[in-house]
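Q: Single-letter residue listing:
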Amino acid sequence: MIVLVQGNEREKYSGLMDQMHQLRARVFKDRLGWAVNVENGRERDRFDDEWTLYVLSVTDDNRVVGCLRVLQTTGPHMLSDVFSDLLPPGELIRSPLVWESTRFCVDTDYAKDRTTNELSRITGELVCGLTETGLAAGLQNVVSVYDLRMERILRRIGCTIDRLGPPKDVGGVMTVAGLFEVSQAACARVHRISGLSAPTVPNEIFARIGLAA
Amino acid sequence: MLKDIFHELANDTTAITSRGEGDAYLARTAKQYGLTNITYLGINIPVVGLEHGVYATTTYSLDWQARYASRDYLKIDPVIRRGLQRIIPLDWADFGKDDRRVAQFFGEAREFGVGNQGLTIPIRGVNGETALFSINRECPDREWLAFRREHMAQFQLMAYYFHDNVLNREGFANDPLTLSDRQKEVLKWAASGKTEWETGTIIGLSARTVKYHLSGAMVCLRAVNKVHAVARAVRLGLI
Numbered sequence: 001m002i003v004l005v006q007g008n009e010r011e012k013y014s015g016l017m018d019q020m021h022q023l024r025a026r027v028f029k030d031r032l033g034w035a036v037n038v039e040n041g042r043e044r045d046r047f048d049d050e051w052t053l054y055v056l057s058v059t060d061d062n063r064v065v066g067c068l069r070v071l072q073t074t075g076p077h078m079l080s081d082v083f084s085d086l087l088p089p090g091e092l093i094r095s096p097l098v099w100e101s102t103r104f105c106v107d108t109d110y111a112k113d114r115t116t117n118e119l120s121r122i123t124g125e126l127v128c129g130l131t132e133t134g135l136a137a138g139l140q141n142v143v144s145v146y147d148l149r150m151e152r153i154l155r156r157i158g159c160t161i162d163r164l165g166p167p168k169d170v171g172g173v174m175t176v177a178g179l180f181e182v183s184q185a186a187c188a189r190v191h192r193i194s195g196l197s198a199p200t201v202p203n204e205i206f207a208r209i210g211l212a213a
Numbered sequence: 001m002l003k004d005i006f007h008e009l010a011n012d013t014t015a016i017t018s019r020g021e022g023d024a025y026l027a028r029t030a031k032q033y034g035l036t037n038i039t040y041l042g043i044n045i046p047v048v049g050l051e052h053g054v055y056a057t058t059t060y061s062l063d064w065q066a067r068y069a070s071r072d073y074l075k076i077d078p079v080i081r082r083g084l085q086r087i088i089p090l091d092w093a094d095f096g097k098d099d100r101r102v103a104q105f106f107g108e109a110r111e112f113g114v115g116n117q118g119l120t121i122p123i124r125g126v127n128g129e130t131a132l133f134s135i136n137r138e139c140p141d142r143e144w145l146a147f148r149r150e151h152m153a154q155f156q157l158m159a160y161y162f163h164d165n166v167l168n169r170e171g172f173a174n175d176p177l178t179l180s181d182r183q184k185e186v187l188k189w190a191a192s193g194k195t196e197w198e199t200g201t202i203i204g205l206s207a208r209t210v211k212y213h214l215s216g217a218m219v220c221l222r223a224v225n226k227v228h229a230v231a232r233a234v235r236l237g238l239i
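If you read the sequences in order, they're chains A and B.
Be aware that the first sequence starts at 1, since it is given in our numbering, and climbs by one per residue.
Be aware that the second sequence starts at 1, since it is given in our numbering, and climbs by one per residue.
The shape of chain A in the complex, shown without the other chains (with noise of 0.2 Å):
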């Protein structure tokens, strides 16, 4: 399931949130060996702040097995303060109607012990759930880094990715900058495909965030 976690709530939800953080050290430096920060098992950095909306796929057993972050493009963000260069000079992006998001990453050694379909399942319900969070904050795009691996297992599971700019190796890493559309339509064709069974936010979900539709 989906759990959101806001800037302002990250003490309320400090066991997912702790767990969030080992799982990005997990992945992205053991795992994929990118120079990230990280301190005591966890990974975090400047964009781990105080406005930062997690998105958090969640086991019944409270383990977090995937997880993303957003960040506002009206501010700090990495595509405008790090990776700026995979983006064509001149076309930086500012708009309360996009959202960025960063630090995709999903859980592979649960994923593996399962089905052969729960990797598509926790990437399919981590990207409606940013989807449908974005739809009812009235979103019209998504806009993310990721390498090229990550952009290959998206568009398996149903994403429509329309890339923003030519990849470039940035560390090692063949990285490019990518635009998702935020509809139901979108939303619609990536449940179906990596087999989600459920509405993706519960209600419940966003009426504790105060959206409640």
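Honestly, the hints are just simulated from the structure, not real lab data.
If you're wondering where the values come from, they're calculated on a predicted model, not measured in any experiment.
Don't take every hint at face value.
[Stated by the list, open to error] Estimated spans, in silico, between C-beta atoms of each pair:
(1) A:SER84 - B:ARG100: 48 to 54 Å
(2) A:SER84 - B:ASN127: 17 to 23 Å
(3) B:GLN154 - A:ASN62: 34 to 40 Å
(4) B:ASP72 - A:GLY90: 44 to 50 Å
Even glycine gets a Cβ: it sits at the ideal position worked out from N, Cα and C.
Mind docking chain B on chain A? Use the hints.
A: Below, chain B without anything else, positioned relative to chain A:
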């Protein structure tokens, strides 16, 4: 067509050059959307002379403003407590369920003409300033949900544009108004009547990407729709 142009001018935040005009804009917009109130509360606005960097402008009645101040409601107002440090807009529907003081606060607000429904859009600026843009409406829940869904994007833009205007008026320079080559390109094709799909075919992008660049151009120009964006771009000599 003429009606559209009038609408655009009425909604044009870039035309606001004073606090009074800002107040008039809020009053006009409230009427246009059938809202009982609109409020802008800027915090940490980095301008000399603003006490605590707070800039507030609202269509709330003077009586309610006075009551709010004299009862020190800033301390219990859940909008301010929960509205900051979040990026998802906040619907007021959840307030008052557990806290008796909060329920009383909203009950009192209604007596002073604040609509039963409310929505707050949090704004976080690049300079560390923050703002809360709130709207209120008097209507049943089902109607409110449909209204909110239909207009959420517009309110997001409105909040962002108004905040930007406040900063500009208070002398705080923002990002210069420049359009990317792509944005200029899609605007020019839109101006000549091409659809997003047609433009995409002509310049080699998907219709989705064209729509994204058009939207980006609109936001950059603080425009409320495509026609407004083209008009502003032409007037500013950008296309």
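Q: Against this structure, judge whether each hint is valid.
A: Results of checking the hints against the structure:
1. A:SER84 - B:ARG100: 48 to 54 Å: Holds, since A:SER84 and B:ARG100 (Cβ atoms, about 51 Å apart) stay within the stated range.
2. A:SER84 - B:ASN127: 17 to 23 Å: holds, 19 Å
3. B:GLN154 - A:ASN62: 34 to 40 Å: holds, 39 Å
4. B:ASP72 - A:GLY90: 44 to 50 Å: The hinted range 44 to 50 Å holds for B:ASP72 and A:GLY90, with Cβ atoms some 48 Å apart.
Of the numbered hints stated above, none is contradicted by the structure.
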